[in-house]
Amino acid sequence: MEAPTPVSAYLHAATMVKAGIYLVARLTPLFSADPVWSPLVTGIGLVTLLWGGVLACKQTDLKGLLANSTVSQLGLIMALLGVHTKLALTAAILHIVNHGAFKGALFLTAGAVDHATGTRDLRKLGGLYAMIPLTAIAATLAALSMAGIPPLGGFVSKELFYEAMLEYGALPIIISVAGSCFTLLYSAIFFYGIFFGKAPESGSEEPVDAHGHAAHQSGHAAHETEFGLLLPIMVLSGIVVLFGLMPGIPGALISPAVRTFLQGHEPHLHLALWHGLSPALGLSAITVAIGAAAFFMRPMFLPRLRTIQAVYSCNRAYTDGIAGFNRMVLGLRKLYMTGSITDYIRYILLVLLIATGIPLGQFFGVTAFEPDTSSAMPDEIGLAILMAMGEIACCFLQSRILLLLALGLIGALVSVFFILFSAPDLALTQIIVEAITLVLFLLVFRFFTRVDPARSARTKTPFNIGLSVATGALVALLLLAANIGQLYPSGVTPFFFDNSYVLAGGKNVVNVILVDFRGYNTTGEITVFSVAALAVFALAKLGPRPAAPALGGTVPASSPILQAMARLTLHLMLLFSVYLLLRGHNEPGGGFIAGMLTSLAIILQMVAFDLESFKKEIPWSPLRIVFSGLTLSAITGTGALVFGQPFMTSAFGHFHLPLLGDIELASAMFFDIGVYLVVVGTTLAIIRTIAEE
Amino acid sequence: MDLIIIGVVGVLFSCGTYLLLHSNLLRIIIGLSLFSHGTNLALLLSGGLKRGGPPLLSTPAPYTDPLPQALVLTAIVISFGMTAFAVVLAYRTKQVYGSNEIEELAGGEE
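Listed in order, the protein sequences are those of chains U and S.
Per this note's numbering, residue 1 is the first one in the first sequence, and the count goes up by one each step.
Per this note's numbering, residue 1001 is the first one in the second sequence, and the count goes up by one each step.
Hints in this document: simulated from the structure, not taken from any laboratory.
Ideal Cβ placement from N, Cα and C applies to all residues, glycine included.
Hints are supplied without guarantee of correctness; some may be wrong.
DSSO-like mimics (lysine-lysine), calculated; alpha carbons at most 27 Å apart, straight line [as the list claims (entries may be wrong)]:
| # | chain 1 | residue 1 | chain 2 | residue 2 |
| --- | --- | --- | --- | --- |
| 1 | U | 198 | U | 58 |
| 2 | U | 18 | U | 58 |
| 3 | U | 86 | U | 18 |
| 4 | U | 541 | S | 1094 |
| 5 | U | 460 | S | 1094 |
| 6 | U | 334 | U | 460 |
Chain U side only, calculated, beta carbon under 7 Å to chain S, not exhaustive [said to hold, decoys possible]:
| # | residue |
| --- | --- |
| 7 | 421 |
| 8 | 430 |
| 9 | 513 |
Derived contacts from chain S toward chain U, CB cut-off under 10 Å, selection only [unchecked claim]:
| # | residue |
| --- | --- |
| 10 | 1010 |
| 11 | 1056 |
| 12 | 1057 |
| 13 | 1087 |
Build the full structure now, drawing on both the sequences and the hints.
Here it is as structure tokens:
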């Protein structure tokens, strides 16, 4: 609306605002079968027609009036598209053309008036007929066309509009007539306010004039519109008259569009000025009567209308709505964003329970479950009970040291389970990891604050306990639903059995999977593991330091018995770890286990003696060990590329070593040594970093 | 047997969750360890418990499924790395902020 008037004329009368109409029209064949479509589009159209008309009447700026009238007229077209009968579609397209003609003329008139007088304020205009008679006649014709007065183009389409609405229903026709009354009212306000009536007296300058310059009274002499400005208005007004007198011309213009709409059906194109004494004509008469009456009574309500709407505008409702929504969201956020991580964990668990629990419940209704109940031995049941007790003790123990011991117990029991379930590699790994974890916890033990009984009591609420039990139950039910005990043999497992020895030369299938078949995976895993070492190192060494001297004092010397034992066992443990490493390919063992055992041996030295002797034992930086391990694994993997094999392809042969027996020397062995080095280095890096603190 | 292990896994997850809801970092870390144990046991369960000996070709068939074992083996090592990291994180938290109760560590709005 801020554009120069000719641009406004082009945009608002013809092209830009019609783009939405075009879209709706284009989609009408697609959606019109939907029962929601027609009431929705017609409803919005009619409301827009009425409300736009009301808004247009309250405007004092000429272009503002025209812009709102465009809104109203587009509502009319929209309503017709919603009705989407043959008649309505014809009327809609006809009105697009008619609207383009009369609204173009009216926008240009607004420009010409502005040019002639220097103002577009309706309150300052009046009586311009005397000064610019040609413009006045042309504009009045266009405005009458908009109002739907015969014999102009607007009348033809308005008649069709009424006819279409008459077929549609009672309420729509009432709204249509009301909207058209407003159309008539603002059309009259437009042309009468500019050209007829009396010009405001020179003395009565409205102080509300935003531009400040005294309009046409002061020096800016009004004059007839120049020819260049007048011509387009005349042409458009001529079209308006022509379309009214000879409706066949616009009919011919729009018939291709209508035919597209109707998809081949012959369009309804009996356009005529005179339809006989039809109900539509009657409605037109009513419209003219009410509209004219309103026009003459306008001093009674127009000023009040202008003030009322300043309070209850849609813009205001929108802004208030947004503000209210913001307040609501903020309030809602305060309600649940408590800043407590524990609360957030509760939310996550609740969502997990609901989102997983509901489908799970439905699932159990459908599928039968067949667990293997046959072979529960008393010792296994005893183990399970012991373990459950350890777990529950973990929850309720107050003492930190007992807590750690309970954790150690659980870890040990898990490894017993691993033995029972024919997983020797896992049992070995688990038991060593458990020992190292315990040492780790003990090293930083004194930094953990004592568990505050009051806090524990606060955690021990029925809600928390219920949530925990429900989570555990959910996991158990998921396992049941997955029929997890019945999955074996999985599809890929026979491949490992068939090829473990043939392709990779190893008899310990678990180890072969780790270092050969899934070697790529393991490379990633040891990388992640070494990143943990780096992260621990960075976390402990970098960042702010506490100002106070950290934990001075002397560490009490450990017992001589422990020292003697440690010295005695060191080499045995190291030797055993080498043994585990070498035999890993065929028997339980391998890089992971051997690495953990080596670390444990060194850590034992550290605990028994002190950090200095530890550093003496291992002169290299643990991180350096990690990276040599990673490099070795990578080189082994890429070594295959040199021989034209894919990455990680292994080669192997057999050697006989005294004492150790038949040694399988596969290239995977070097990969395993890499794993070994990474595990040793990482574990030592972690422990040493903490110990140094 | 399956049912027993499923029960053990369920208890592990229950207790792990309960510990996770604690405010003390030590307990939270232990809760995470219990989760790891539970997951490992569940994975192993999918290999068919006690249907055969260890998957060593030097011993007579039948064997249990080696694939879950390989998965669990790496999982054990990784969860050790994670525990170590969490422990050091808790230790540093105590050192820098003077507490390892997460309620006291809860940040402001910013």
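Quiz item: Between residue 334 of chain U and residue 460 of chain U, is the straight-line Cα distance small enough, at 27 Å or below?
Solution: holds, 25 Å
Exercise. Starting from residue 18 of chain U, check that the Cα of residue 58 of chain U is at most 27 Å away, please.
Key: holds, 24 Å
Quiz item: With 10 Å as the cut and Cβ atoms as the points, is residue 1010 of chain S at the interface with chain U?
Solution: holds, 3 Å
Self-check item: Distance restraint between residue 541 of chain U and residue 1094 of chain S, which requires alpha-carbon spacing of 27 Å or less
Solution: holds, 15 Å
Quiz item: Are the Cα positions of residue 86 of chain U and residue 18 of chain U separated by 27 Å at most?
Solution: holds, 20 Å
Quiz prompt | Agreement of hint residue 1056 of chain S with chain U interface, Cβ distance less than 10 Å | solution = holds, 5 Å
Quiz item: With 7 Å as the cut and Cβ atoms as the points, is residue 430 of chain U at the interface with chain S?
Solution: Result: holds, 6 Å to nearest chain S Cβ.
Exercise. Please verify that hint: residue 421 of chain U, Cβ, nearest Cβ of chain S, below 7 Å or not.
Key: Since chain S brings a Cβ to about 5 Å from residue 421 of chain U, closer than 7 Å, the hint holds.
Exercise. For the pair supplied as a hint, residue 198 of chain U and residue 58 of chain U, confirm whether the alpha-carbon distance does not exceed 27 Å.
Key: holds, 20 Å
Self-check item: Restraint outcome when residue 1057 of chain S is required to lie within 10 Å of chain U by C-beta distance
Solution: holds, 4 Å
Quiz item: Is the Cα-Cα distance between residue 460 of chain U and residue 1094 of chain S 27 Å or less?
Solution: holds, 24 Å
Quiz item: Would the hint on residue 513 of chain U stand, with a C-beta cut-off of 7 Å toward chain S?
Solution: Residue 513 of chain U check passes; min Cβ-Cβ to chain S is 4 Å, inside 7 Å.
Checked against the numbered hints above, the structure breaks none of them.
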